[in-house]
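**Student:** What follows is the residue order along each chain.
Protein chains: 2
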Amino acid sequence: MTVKVALLGCGNVGSQVARILLEQSDELAARVGAPLELTGIAVRNPDAARDVELPREIFTTDAHALVDGADIVIELIGGLEPAGEYIERALRRGASVVTGNKALLAARLPELTEAAEAGGAQLLYEAAVAGAIPILRPIRESLAGDDITKVMGIVNGTTNYILDAMDTSGAQFDQALADAQRLGYAEADPTADVEGHDAAAKAALLASLAFHTTFALENVHCEGITSISAEDVAAAEDAGMVIKLLAIAERGTDSAGDEGISVRVHPTLLPREHPLAAVRGAFNAVFVEAENAGELMFYGQGAGGAPTASAVMGDVVSIGRTRATQAAGGSVAEPQPRPSRPLGIADAATSYALSLDVSDETGVLAEIAGIVARHGVSIETMRQTASAEGGAGSARLRIITHVGREAALAATVADIEQLPVVKAVSSVVRVEGK
Amino acid sequence: MTVKVALLGCGNVGSQVARILLEQSDELAARVGAPLELTGIAVRNPDAARDVELPREIFTTDAHALVDGADIVIELIGGLEPAGEYIERALRRGASVVTGNKALLAARLPELTEAAEAGGAQLLYEAAVAGAIPILRPIRESLAGDDITKVMGIVNGTTNYILDAMDTSGAQFDQALADAQRLGYAEADPTADVEGHDAAAKAALLASLAFHTTFALENVHCEGITSISAEDVAAAEDAGMVIKLLAIAERGTDSAGDEGISVRVHPTLLPREHPLAAVRGAFNAVFVEAENAGELMFYGQGAGGAPTASAVMGDVVSIGRTRATQAAGGSVAEPQPRPSRPLGIADAATSYALSLDVSDETGVLAEIAGIVARHGVSIETMRQTASAEGGAGSARLRIITHVGREAALAATVADIEQLPVVKAVSSVVRVEGK
Chain A
0 MTVKVALLGC GNVGSQVARI LLEQSDELAA RVGAPLELTG IAVRNPDAAR
50 DVELPREIFT TDAHALVDGA DIVIELIGGL EPAGEYIERA LRRGASVVTG
100 NKALLAARLP ELTEAAEAGG AQLLYEAAVA GAIPILRPIR ESLAGDDITK
150 VMGIVNGTTN YILDAMDTSG AQFDQALADA QRLGYAEADP TADVEGHDAA
200 AKAALLASLA FHTTFALENV HCEGITSISA EDVAAAEDAG MVIKLLAIAE
250 RGTDSAGDEG ISVRVHPTLL PREHPLAAVR GAFNAVFVEA ENAGELMFYG
300 QGAGGAPTAS AVMGDVVSIG RTRATQAAGG SVAEPQPRPS RPLGIADAAT
350 SYALSLDVSD ETGVLAEIAG IVARHGVSIE TMRQTASAEG GAGSARLRII
400 THVGREAALA ATVADIEQLP VVKAVSSVVR VEGK
Chain B
0 MTVKVALLGC GNVGSQVARI LLEQSDELAA RVGAPLELTG IAVRNPDAAR
50 DVELPREIFT TDAHALVDGA DIVIELIGGL EPAGEYIERA LRRGASVVTG
100 NKALLAARLP ELTEAAEAGG AQLLYEAAVA GAIPILRPIR ESLAGDDITK
150 VMGIVNGTTN YILDAMDTSG AQFDQALADA QRLGYAEADP TADVEGHDAA
200 AKAALLASLA FHTTFALENV HCEGITSISA EDVAAAEDAG MVIKLLAIAE
250 RGTDSAGDEG ISVRVHPTLL PREHPLAAVR GAFNAVFVEA ENAGELMFYG
300 QGAGGAPTAS AVMGDVVSIG RTRATQAAGG SVAEPQPRPS RPLGIADAAT
350 SYALSLDVSD ETGVLAEIAG IVARHGVSIE TMRQTASAEG GAGSARLRII
400 THVGREAALA ATVADIEQLP VVKAVSSVVR VEGK
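For the record, the sequence lines run as chains A and B. Residue numbers for the first sequence, in numbering that gives the first Met the number 0: 0 to 433. Residue numbers for the second sequence, in numbering that gives the first Met the number 0: 0 to 433.
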C-alpha cells in the first residue's frame, strides 16, 4: 500500500514540502507505516525558477487530474480561488487535505468542514495558524479535556519584528518598517501585516479552535500598528512594559450579562515579565489560559519556507498514519520505536564556564591557556578580576570555552587543578544556548 | 454507547480527574461523541480524606475488577508496582491506558508499548513529561514530518523555583530550599528533585519521544543543583546569564565519530535572552530544535493537581474519540463545532494606558479623575511629568486603568478629550497580562 500525495503550488513553502517528501522518503515511510508517493506538483508555469531543484517531469498544469488521483492533497497555492474549489473537490471524493491557507479557512471553514464530513476525509491546517508552532493539535487534542478561557497570540512576525526593533533602537515606525523591508521581514506592500489583517484571519482560526466553534473573520475587531510612535514605545519601557500586536480571543459577557466570545487584534501593552514579552524578532507565540491547565505558551517560527513545511508535513504524516492504519484493519498501534545508541557523558558536546582562584603573578594566563589549547579546547572569553575568596595575592579568573567534547573539557579542568599557580577551581558549570 | 473509565488512585491529581469527569460530563460527552462513565476509583482506603468531595460509593479496593470492566484505565497511583501490573493487565485485554507515572515509564516503556501493541490498545502519558504542557502530542504528531536534533527542558518545578529564588534574592541554596519547603514548592525529603532524579526520568522519556526510540534511564547522566552557590549565581548574572537545571537530549557522535544520543541532566548556564531563561518560578518549559521547524518552545505548569489533570483528560478524550469513532464505523470525522456568539469590541474586557497633555494647573487631576469615576472606570496608576510636547505650562499625564468594558473606557476618553484643560490625548493603548 502506498499513500498518494498531490501537491498544489510550489512557492516558498511548497518547494520545501516537495524537498522533504523526496529526500526523506525512507524516514517518512517508517513513521507512516507505508510509503508516501509524491504523484505530482500542480503549478501555473512548470518552467518557473524554484527555491529547490526538482525533476521537471513532476510538474503538471492539470490540478484537477492530480487531485482526483490522490489520497492526500496538500494545498499551498493560497488565496480563495481556485484553492477553495480544489480543496472541496478533494474532500468530497474522500481525499484528505492539508493546507496553510488562513485566508481561505477564515472565510470558509464551516463549508470545508462540512465537505470533509461528507467525504469521510480529514482537513488539517497546522501551518495556517502560527507557522511551525504546533498549536492546532495541542488545542484540539491535548486540551480536549479542559476549558480554554483566553488565547493571546503574537501571530504576525513582521509586526513583531518592527515593534521589537522600535523597542531596541528607539526608531520611529516608518524607519523600522523601512529596515524590515530592506531585510526581507516586511513586504513591499506591508498593508496586510501592519494593518493587522493577517493577524485577524489567524485570530478567527484560533478562536474557532479554542472554543470549539466557527468564528467569522468579519466579527474580529482589527487595529494595526501604524499609529504606534517611538514615544509610545518609550513610555511603555518607562512603565516596565512592552508593546506587542496581539490577537486576543476570550470568553466574556456583554453589557446585558449574556455570554459571548470577544476576538480582537490591536497593539497591546504587556508587563516585561509576561512570557509573551520575551518573544523577540520575527518569532511567534500563542499564550493560552485554561481552566485546569492554567497558563501555557507555544513559541516558534511563524513563517518561512522550511518551518511552515515542517507543520505541513506533520499533518501529512498524521493523515498517512490514519490511512495506513485503516488499510491494515483499524489497529490503533503507534509506529514502532527503533533502537538507539546512548552516548556517555564523556561524548556530550558542551561548553564549560570555569571560575578559578589563581596567584596574581605574570605568566599565569599563558600557562592556563597553554593547557587548554593542548586538550584541543578553545576559549571564548577569559576575564580576570581581583578575588576576595582567594586571599591576598590572588586573582579570580573566569573562563568560558567554546563547545567541545566533555571528556576534553573535564581533562582540561583536571590538569588546570594540578597547576601550582592555581589555588582552587571554585566552580565548573556547563553552558548551553549561546 | 458509553466509554467506561476506571480511575486508579485518588491523590492530588486523581481527585481532580474525578472532579472533571463528574462535573463536566455533558461537555466531555460532546467532545468525545459518547458519554464517559466513571465506573469507579480504586484506592487503598475509601474513607481517607480527599482534596475533592466525591460520593463514597464510587470507591473500591478491588482494582483488578475495576480494570477488567473498563475501556479506559487512568493510572495515578505512581511507583513501579502494583501500577505496572494493572497497566499491563489493562493493555493486554484491549483497554487503553492513560498514566502520568514517569518512574514506571522510564523503567518499563518498551514492555508496556509491547503490551499495548499485543492488546490493540493505546498507551498515552502526556501528564508524565511536563505536567500540563502538551509535549507528547506535538512531538509525536505535529513534528512527525520533521527531524528533532535537540531537546532542552526545564522539567522540574522545585529546582527551577529554588534557582529562580537564588537568582532573584541572592540567597544560598540551603536558604532557598528551606523557603521552597515552607511554601510547599519542595518536599520534606527533596532528594528526588534537587539531585535531578525526577528530571532524569523525564529526560529519558523526552529522548524516547524526540528520537522515536526507547532510551533507558540508566543511560542518563545526572547531576543535581545542591552544589550551586550564591557566588555561582552572581557570576552568571555578571556574565549576562542565568543558571537552570536542564534535561538535555541531543544527537551527537562519540570520539570515534559514530552517531548516538546524549541524554543528561545538569545545572546549565543560559544567556538571559534565551527563551528558557525567562521561565520563572515553578513553571516548566521544553525547548526543541528541529531540522525544518527551527526553534520551538512549550511552556506551562509542570505539576499540580488541576494542571496535571488537564493533561490526563486530554489523553482520555483523545482515546474516547477513537473508541467512539471506531464504534460508529471508522469515520475519521472531528466533533462538530458549535455555534458561538461574537461580542463586539465595545464588550471587550480590557484596560487602557492613556497619555494626555494637560494644562499644568491645580484641579486638573481631580477633574479627570472625576470623569473616569463617572464612567465606572477605576484607575490603577496615574503619573504626572513635565511635558516637552505640550509646550510651556503643560504637563504629561499617564493613566493606566483597571480592567473595564471597552465601551466605558472609550466613552471616558471621549469625555476627557472635551475638557478645556486637556490639550491633547496623545496615545491610547490597551493593556493585557497584568
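There may be inaccurate statements among the hints.
[As the list claims (entries may be wrong)] Under the rule of at most 35 angstroms between Cα atoms (straight-line distance), these lysine-lysine pairs were calculated in the DSBU-like manner:
#, chain 1, residue 1, chain 2, residue 2
1, A, Lys3, B, Lys149
2, B, Lys149, B, Lys422
3, A, Lys149, A, Lys422
4, A, Lys433, B, Lys422
5, A, Lys149, B, Lys149
[Stated by the list, open to error] Residues of chain B placed beyond 12 angstroms of chain A at every Cβ, according to the derived structure:
#, residue
6, Arg18
7, Ala47
8, His63
9, Arg88
10, Ala215
11, Glu230
12, Ala235
13, Ala277
14, Glu290
15, Ala347
16, Arg373
17, Ser393
Derived from the structure by calculation, the hints contain no laboratory data. Everything numeric in this text was worked out from a predicted model, so none of it was measured. Glycine is no exception: its CB is placed at the ideal position from the N, C-alpha and C atoms.
**Student:** Which numbered hints are broken by the structure, listed smallest first?
**Tutor:** Result: hints 2, 3, 4, 6, 10, 11, 12, 13, 14 and 15 break, sorted rising.
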